[in-house]
Amino acid sequence: MEKVKYYPGCTIKTTAQHFEISAIAVLGKLGIELDELKRWTCCGTVYSLTSDDIIHQLAPVRNLLRVKEEGGSEVVTLCSMCYNTLKRANLLVKKDIEKKDKIKDFMYKEIVKYDGEVKVIHLLELLKRIGFDRLKEQTKISLSGLKIATYYGCMLLRPEEAAIDDIEEPTIFEDVINLTGAETVKFPYKNECCGSYQTLRRPDIVIERTRTIVNSARNAGADLIALSCPLCAYNLEAKQEDVAEKYFGFKKMPIVYFTQLLALAFGYDESGTRFDLNIVSPTEKMEEKGFLVKGKV
Amino acid sequence: MKSLTKRLDKESKKLYTIKCFFYSERSTIVGKIETKDIRNAETTKVITLSLENQYSCYQCGKCSAGCPSAPFMDLLPNQVMRLLQFGNVKRILETNTPFACCSCFVCSSRCPKGIDVAAIMESLRQVSLRAKKDDFELKDVNPEELEKAPPILLVGTFRKLTS
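In order, the protein sequences belong to chains F and L.
Quick note on numbering: our numbering labels position 151 of the first sequence as 151, and the sequence is numbered without any gaps.
Quick note on numbering: our numbering labels position 64 of the second sequence as 64, and the sequence is numbered without any gaps.
One or more of the hints may lead you astray.
Stated by the list, open to error - Computed footprint of chain F on chain L; a stretch qualifies when at least three of its residues, placed anywhere within it, have a C-beta under 8 Å from a C-beta of chain F: (1) 75–83; (2) 106–120.
Said to hold, decoys possible - The calculated DSSO-like cross-link candidates involving lysine-lysine, where the alpha carbons are at most 30 Å apart (straight line), are: (3) L:Lys45 - F:Lys102; (4) L:Lys113 - F:Lys13; (5) F:Lys136 - F:Lys104; (6) F:Lys95 - L:Lys148; (7) F:Lys100 - F:Lys113; (8) F:Lys95 - L:Lys139; (9) F:Lys252 - L:Lys148; (10) F:Lys136 - F:Lys99; (11) F:Lys119 - F:Lys102; (12) F:Lys99 - L:Lys139.
Just so you know, these hints were derived from the structure itself, not from any lab.
None of the values given here were measured: they were computed from a predicted structure.
Backbone N, C-alpha and C define an ideal beta-carbon position, used for all residues, glycine too.
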């Protein structure tokens with residue numbers, strides 16, 4: 001089995017466990033093992049944008065240094081926010097020699113020195129590299145009849161230096177989902193922000209964004225939304241309750257990680273998909289479409 | 001018809017000569033226009049923090065058009081840029097705009113002049129936060145929601161909205 005270095009991040013281990021479980025299951029069938037780093041810390045979640053704030057670049061750079069320490073040349077992330085932070089911190093180390101030296105001075109006790117050698121990739125990029133043919137081979141159950149809205153969010157696409165695909169009209173997510181036989185819908189909010197970290201301070205922003213995004217997906221004919229960011233997932237799932245309270249007649253829509261859909265298509269049962277951990281359960285929709293047997297958990 | 005165009009030609013020529021005369025005379029009389037430097041310590045701070053040049057903004061409004069938080073902002077992003085050009089950081093920090101920003105980078109990626117507007121917003125936040133004005137306190141949040149919230153949400157909120 002091919003091994004790939006893997007940086008999980010804090011949310012994958014707490015509220016997005018189903019993302020990790022399903023990703024490991026999917027990659028297992030493709031002959032790839034996620035080799036989790038022995039030592040890792042939080043990446044800092046958001047990339048620091050001010051020029052004098054170098055101390056906040058240490059956390060992502062230190063994580064990349066751990067990858068180098070363990071002999072890896074690239075690292076895979078599942079979480080979109082971790083991906084963006086690690087990738088941009090890596091680019092900073094590569095491009096800005098002055099700041100790189102300062103960061104090195106901060107980490108003078110580390111034996112291994114880091115110069116930006118590690119490549120940061122997202123799971124979608126890894127799947128593309130494995131080859132869509134191999135993914136297609138593994139598909140046991142065709143998800144035909146299911147209409148899916150692929151929600152990219154911000155962190156996979158912006159800014160341009162960290163983008164995994166075209167910045168305004170990306171297709172990589174649709175390409176992966178289409179392999180399962182499911183149909184992807186075209187909806188205008190697929191790369192628009194969900195409100196991000198404003199959930200606690202300004203819930204009104206996130207409630208409006210959630211309503212707009214979910215309604216847009218529904219109007220395009222989607223049965224559920226697939227995504228890859230745990231923060232988007234929390235905002236879009238948990239805030240639907242508040243939207244339903246505020247707007248009469250709002251219907252909830254299940255939000256799933258794209259790996260859960262792949263796991264379902266690869267023939268895994270509940271142990272691989274873990275639909276029970278989703279806040280808005282997609283089980284009912286799946287039973288209606290005939291992909292899950294009713295009553296069997 | 002021909003006579004009409006001829007007449008118009010004549011008249012426009014007249015106008016043209018009058019204009020030329022007017023400008024040439026004026027330029028000799030008025031001389032140099034006085035200028036005043038409107039930059040101040042606060043704008044210099046924003047420039048050094050963001051390493052962006054707000055003076056290259058020509059007010060196309062693409063940042064405000066794409067901004068997901070625009071309906072909730074007192075000042076639109078392009079208005080913030082204009083005020084920055086005039087050196088009025090104080091007026092910007094009286095509004096909620098820098099703290100309503102979600103850092104989604106739509107403005108930065110669509111700016112035709114290549115200005116990283118999100119970095120300018122972050123710099124404005126930092127100017128306010130470094131004066132010890134936190135925008136967020138944990139005690140305001142419903143404890144039930146705190147329990148459910150993913151770690152990235154908490155870390156992100158603290159990183160962006162507190163000093």
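Taking the hints in turn, this is what the structure says about them:
no., hint, verdict
1, 75–83, "violated (count 0)"
2, 106–120, "holds (count 6)"
3, L:Lys45 - F:Lys102, "holds (21 Å)"
4, L:Lys113 - F:Lys13, "violated (41 Å)"
5, F:Lys136 - F:Lys104, "violated (45 Å)"
6, F:Lys95 - L:Lys148, "violated (39 Å)"
7, F:Lys100 - F:Lys113, "holds (11 Å)"
8, F:Lys95 - L:Lys139, "violated (41 Å)"
9, F:Lys252 - L:Lys148, "holds (19 Å)"
10, F:Lys136 - F:Lys99, "violated (45 Å)"
11, F:Lys119 - F:Lys102, "holds (21 Å)"
12, F:Lys99 - L:Lys139, "violated (37 Å)"
Checked against the numbered hints given earlier, the structure breaks hints 1, 4, 5, 6, 8, 10, 12 and satisfies all the rest.
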